[in-house]
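Following the hints, put chains W and F in place on chain C, whose structure we already have.
Chains C, W and F, in that order, give the protein sequences.
Start counting the first sequence at 18; every next residue gets the next number (the working numbering).
Start counting the second sequence at 15; every next residue gets the next number (the working numbering).
Start counting the third sequence at 15; every next residue gets the next number (the working numbering).
These are calculated hints, taken from the structure and not from any lab test.
One or more hints might be untrue.
[Said to hold, decoys possible] Using C-beta positions, here's what the derived DEER-type ranges look like:
id: 1; chain 1: F; residue 1: His101; chain 2: W; residue 2: Ala54; range: 44 to 54 Å
id: 2; chain 1: W; residue 1: Glu62; chain 2: F; residue 2: Arg115; range: 37 to 47 Å
id: 3; chain 1: W; residue 1: Ile33; chain 2: F; residue 2: Ala199; range: 44 to 54 Å
id: 4; chain 1: C; residue 1: Ala79; chain 2: F; residue 2: Arg115; range: 20 to 30 Å
id: 5; chain 1: W; residue 1: Glu109; chain 2: F; residue 2: Pro32; range: 22 to 32 Å
id: 6; chain 1: F; residue 1: Asp98; chain 2: W; residue 2: Ala54; range: 19 to 29 Å
id: 7; chain 1: W; residue 1: Thr52; chain 2: F; residue 2: Gly146; range: 41 to 51 Å
id: 8; chain 1: F; residue 1: Arg115; chain 2: W; residue 2: Val170; range: 34 to 44 Å
id: 9; chain 1: W; residue 1: Glu109; chain 2: F; residue 2: Glu29; range: 21 to 31 Å
id: 10; chain 1: W; residue 1: Glu109; chain 2: F; residue 2: Gly200; range: 29 to 39 Å
id: 11; chain 1: F; residue 1: Gly200; chain 2: C; residue 2: Arg138; range: 37 to 47 Å
[As the list claims (entries may be wrong)] Distance condition first, Cα-Cα at most 25 Å in a straight line; then the derived DSS-like pairs of lysine-lysine:
id: 12; chain 1: W; residue 1: Lys112; chain 2: C; residue 2: Lys165
id: 13; chain 1: C; residue 1: Lys268; chain 2: C; residue 2: Lys250
id: 14; chain 1: W; residue 1: Lys75; chain 2: F; residue 2: Lys194
id: 15; chain 1: C; residue 1: Lys270; chain 2: C; residue 2: Lys250
id: 16; chain 1: C; residue 1: Lys76; chain 2: C; residue 2: Lys99
id: 17; chain 1: C; residue 1: Lys55; chain 2: C; residue 2: Lys76
id: 18; chain 1: W; residue 1: Lys75; chain 2: C; residue 2: Lys165
Small disclaimer: the values here were computed from a predicted structure and weren't measured.
All C-beta atoms, glycine included, are put in the ideal place defined by N, C-alpha and C.
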Amino acid sequence: MAPTDDLFADPPEEAFLVDVEGFEGPLDLLLTLSRSQKVDLRRVSVLGLAEQYLAFVEKARALRIELAADYLVMAAWLAYLKSRLLLPPDPTEEGPSAEDLALHLAFQLERLQAMREAAARLMARDQKGRDFFPRGAPEALAHLRTVKWEASLLDLMRAYARIRTKDEFRPYAFDRHNVYTMEQALDRMRGLIGYMGAWADLTSFLPEGWGEDPSRRRSAMAAHFAAILEMAKRGQVDLRQGDIFAPIYLKRKAE
Amino acid sequence: MKEPSKEPIEKSLFEAPPIAEQERMIEAILFAVAEPLTMAELSARLPEGCDAPEAMAYLRKRYEGRGVQVVRVGDAYAFRTAPDLGHLMRKETVEPRKLSRAAIETLAIVAYHQPVTRAEIEEIRGVAVSRGTVDLLLELDWIRLGRRRMTPGRPVTFVVTEAFLDHFGLESARDLPGVKELRAAGLLDSRPLPGANATPDEDDEETPGQTELFED
Amino acid sequence: MKEPSKEPIEKSLFEAPPIAEQERMIEAILFAVAEPLTMAELSARLPEGCDAPEAMAYLRKRYEGRGVQVVRVGDAYAFRTAPDLGHLMRKETVEPRKLSRAAIETLAIVAYHQPVTRAEIEEIRGVAVSRGTVDLLLELDWIRLGRRRMTPGRPVTFVVTEAFLDHFGLESARDLPGVKELRAAGLLDSRPLPGANATPDEDDEETPGQTELFED
Numbered sequence: 018m019a020p021t022d023d024l025f026a027d028p029p030e031e032a033f034l035v036d037v038e039g040f041e042g043p044l045d046l047l048l049t050l051s052r053s054q055k056v057d058l059r060r061v062s063v064l065g066l067a068e069q070y071l072a073f074v075e076k077a078r079a080l081r082i083e084l085a086a087d088y089l090v091m092a093a094w095l096a097y098l099k100s101r102l103l104l105p106p107d108p109t110e111e112g113p114s115a116e117d118l119a120l121h122l123a124f125q126l127e128r129l130q131a132m133r134e135a136a137a138r139l140m141a142r143d144q145k146g147r148d149f150f151p152r153g154a155p156e157a158l159a160h161l162r163t164v165k166w167e168a169s170l171l172d173l174m175r176a177y178a179r180i181r182t183k184d185e186f187r188p189y190a191f192d193r194h195n196v197y198t199m200e201q202a203l204d205r206m207r208g209l210i211g212y213m214g215a216w217a218d219l220t221s222f223l224p225e226g227w228g229e230d231p232s233r234r235r236s237a238m239a240a241h242f243a244a245i246l247e248m249a250k251r252g253q254v255d256l257r258q259g260d261i262f263a264p265i266y267l268k269r270k271a272e
Numbered sequence: 015m016k017e018p019s020k021e022p023i024e025k026s027l028f029e030a031p032p033i034a035e036q037e038r039m040i041e042a043i044l045f046a047v048a049e050p051l052t053m054a055e056l057s058a059r060l061p062e063g064c065d066a067p068e069a070m071a072y073l074r075k076r077y078e079g080r081g082v083q084v085v086r087v088g089d090a091y092a093f094r095t096a097p098d099l100g101h102l103m104r105k106e107t108v109e110p111r112k113l114s115r116a117a118i119e120t121l122a123i124v125a126y127h128q129p130v131t132r133a134e135i136e137e138i139r140g141v142a143v144s145r146g147t148v149d150l151l152l153e154l155d156w157i158r159l160g161r162r163r164m165t166p167g168r169p170v171t172f173v174v175t176e177a178f179l180d181h182f183g184l185e186s187a188r189d190l191p192g193v194k195e196l197r198a199a200g201l202l203d204s205r206p207l208p209g210a211n212a213t214p215d216e217d218d219e220e221t222p223g224q225t226e227l228f229e230d
Numbered sequence: 015m016k017e018p019s020k021e022p023i024e025k026s027l028f029e030a031p032p033i034a035e036q037e038r039m040i041e042a043i044l045f046a047v048a049e050p051l052t053m054a055e056l057s058a059r060l061p062e063g064c065d066a067p068e069a070m071a072y073l074r075k076r077y078e079g080r081g082v083q084v085v086r087v088g089d090a091y092a093f094r095t096a097p098d099l100g101h102l103m104r105k106e107t108v109e110p111r112k113l114s115r116a117a118i119e120t121l122a123i124v125a126y127h128q129p130v131t132r133a134e135i136e137e138i139r140g141v142a143v144s145r146g147t148v149d150l151l152l153e154l155d156w157i158r159l160g161r162r163r164m165t166p167g168r169p170v171t172f173v174v175t176e177a178f179l180d181h182f183g184l185e186s187a188r189d190l191p192g193v194k195e196l197r198a199a200g201l202l203d204s205r206p207l208p209g210a211n212a213t214p215d216e217d218d219e220e221t222p223g224q225t226e227l228f229e230d
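Chain C with its partners taken away, still in its complex shape (with noise of 0.2 Å):
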């Protein structure tokens, strides 16, 4: 399927650098180049795979190719395999010997040839949508999952009694600040009583400062009104309302 497999029944090394393009990394030439050997690759001599590596690499070269960092990398390395395979072994030297090294190369060869024969079965298998094929009208497995949220009266009320009491619960103070007492309204309405001529709306005679905020006004208007009830009872005013809601007008009781 590459190209370059047709090459090496006979490598032409012209077309060689021409396909260098077509190579997947210096491995892959390495693979192509073994197959000239044409014996099993687990029988492959490592020391002439190399020199016919870097004799390609000679001639790319030569021929001006530029030819990626990998693979003058591995030019490098399998340059000083070579030699180690060559020179007989140094005692002193450390490390795997050459033919470790060797093996170790031939091993990654017959890996990669063993992948890609692999790749090939597998790609050959029947495939889904070429060769077989699923219902062709798929239809749609529903799955309801509804999540029923659970929460009764009772759990709401208990919520809010929470939010509640969780505001109220504070050491026990009497708020004064918003409430006026009757008693308070009674010694007021004693001292403005006097100036007192016609008729007047109840409302006039709030303090300045509890006209406005309802909950103050609410406590104002009661207090005051208990007042002017009480003094209404000692004698002291007359009241009067001309309907259910209507302003409540009073005025001081004439002697």
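Structure of chains W and F alone, referenced to chain C:
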């Protein structure tokens, strides 16, 4: 009903597969093709000399009473799930899940204070209201957007819905018991533990141990 | 293989349908969908007390040699047309995406060596794996990320997906062509370059996962 077969000459040249094989073929085609197929379309896909109507007759017979059936759609054929098994395609599971504390509290505040803005809810709860919580309540159709408040920023307000009233069996949100009634009903514990925020829900419920002791 | 059935008490409460009916049911469900379904997914759709594995065994037997067949894909099952009839579905054939040599080899390496790191793929191919190649395979949903390797750098690994198995008609990665022979030949081993000047990525120490996968 039989298709006019090809000329005899051709027939002898192309040996048609056995009818059982033809049946297999239309089975596969009918399965894989997205649309219902007419007899002509089926025939066109079969090798020379096949008898699609006959193979179809066998196939339909084979699937009689099975979980799927070959049905006729107009003048075409298709596999369909047996009608009595349609329910298997729709699986409904209902997962009961308890509303989170944040959600139920937010809901309660909307119910008691509607129309109420998010800022107000947060003020009352004393913690931020997550978007998810509001979204869930909106999704449940228990709250909806009310009018914008005519204050700077024109914040949206939330109100409870008909569905909410329906779910909780209320005529109107005004029917919700007030704080006093809650207290009278024993729902308002006036002596919460300090840091009531952290106490789990269960703490708010009556401790059954005590009453049990005195009952019976 | 049998699912642990419900407790006998429950079983008596919910009379399971006869096995033939159960077979019809999984036939209908499996027929309806394009994607493979696991036994658990099937069981979830069957009534209480059903024995999906047993019903499946009957169903697979029934479709043996038919134009459509029940195939196993990983842990799941699906109806697929018989491979020998693919030629009848020419019109349905989806032109397979032309994969580059790099993509095909990378896919094969993931399938045979999984879980495998990018460095290991590069070590096997002797060339860098381009991002586009991996992205394409991920996009095709043929490979996915596996667990990170517990080696320095904690590199991600790749494994093949159920969709891969489904596409290539494989029951499991154990059924990959020639996998046994390759393993026996030691060609699925991750063998590092001997000596200190190993590959820059040190993550190919021992990879217990990949042999585990293929061991029975």
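Against the structure, the hints:
Our hint of 44 to 54 Å for His101/F and Ala54/W is violated, since their Cβ atoms are close to 19 Å apart. Between Glu62/W and Arg115/F the C-beta distance comes to about 39 Å, which sits within the given range of 37 to 47 Å. A beta carbon spacing of about 48 Å between Ile33/W and Ala199/F agrees with the range 44 to 54 Å that was offered as a hint. Separation of Ala79/C from Arg115/F is about 29 Å and conforms to the stated range, judged on CB atoms against 20 to 30 Å.
Our hint of 22 to 32 Å for Glu109/W and Pro32/F holds, since their Cβ atoms are close to 31 Å apart. Between Asp98/F and Ala54/W the beta carbons are some 24 Å apart, a value that agrees with the proposed interval 19 to 29 Å. Checking the proposed 41 to 51 Å range against Thr52/W and Gly146/F shows it holds: the Cβ atoms sit about 45 Å from each other. In this structure the supplied range 34 to 44 Å is violated for Arg115/F paired with Val170/W, their Cβ-Cβ distance being about 60 Å.
At about 26 Å, the CB distance of Glu109/W to Glu29/F agrees with the hint of 21 to 31 Å. For the hinted restraint 29 to 39 Å between Glu109/W and Gly200/F, the CB-CB distance of approximately 52 Å leaves it violated. A hinted range of 37 to 47 Å for the beta carbons of Gly200/F and Arg138/C is inconsistent with their spacing of about 19 Å. Proximity of Lys112/W to Lys165/C is assessed by CA-CA distance (about 8 Å); at most 25 Å being required, the pair is judged to hold.
Between the alpha carbons of Lys268/C and Lys250/C the distance comes to roughly 14 Å, so the proposed pair stays at or under 25 Å and holds. Taking the CA atoms of Lys75/W and Lys194/F, the gap is about 44 Å. The hint is violated against a cut of 25 Å. Restraint check for Lys270/C and Lys250/C: the C-alpha separation of about 11 Å stays at or below 25 Å, so the hint holds. In summary, the hint linking Lys76/C to Lys99/C is supported, as the alpha carbons are separated by about 18 Å, within the 25 Å threshold.
Taking the CA atoms of Lys55/C and Lys76/C, the gap is near 22 Å; set against the 25 Å cutoff, the hint holds. With a C-alpha separation of about 44 Å, the suggested pair Lys75/W and Lys165/C falls outside the 25 Å cut-off, and the hint is violated.
Violated hints, listed in ascending order, are 1, 8, 10, 11, 14 and 18; each of the other numbered hints is respected by the structure.
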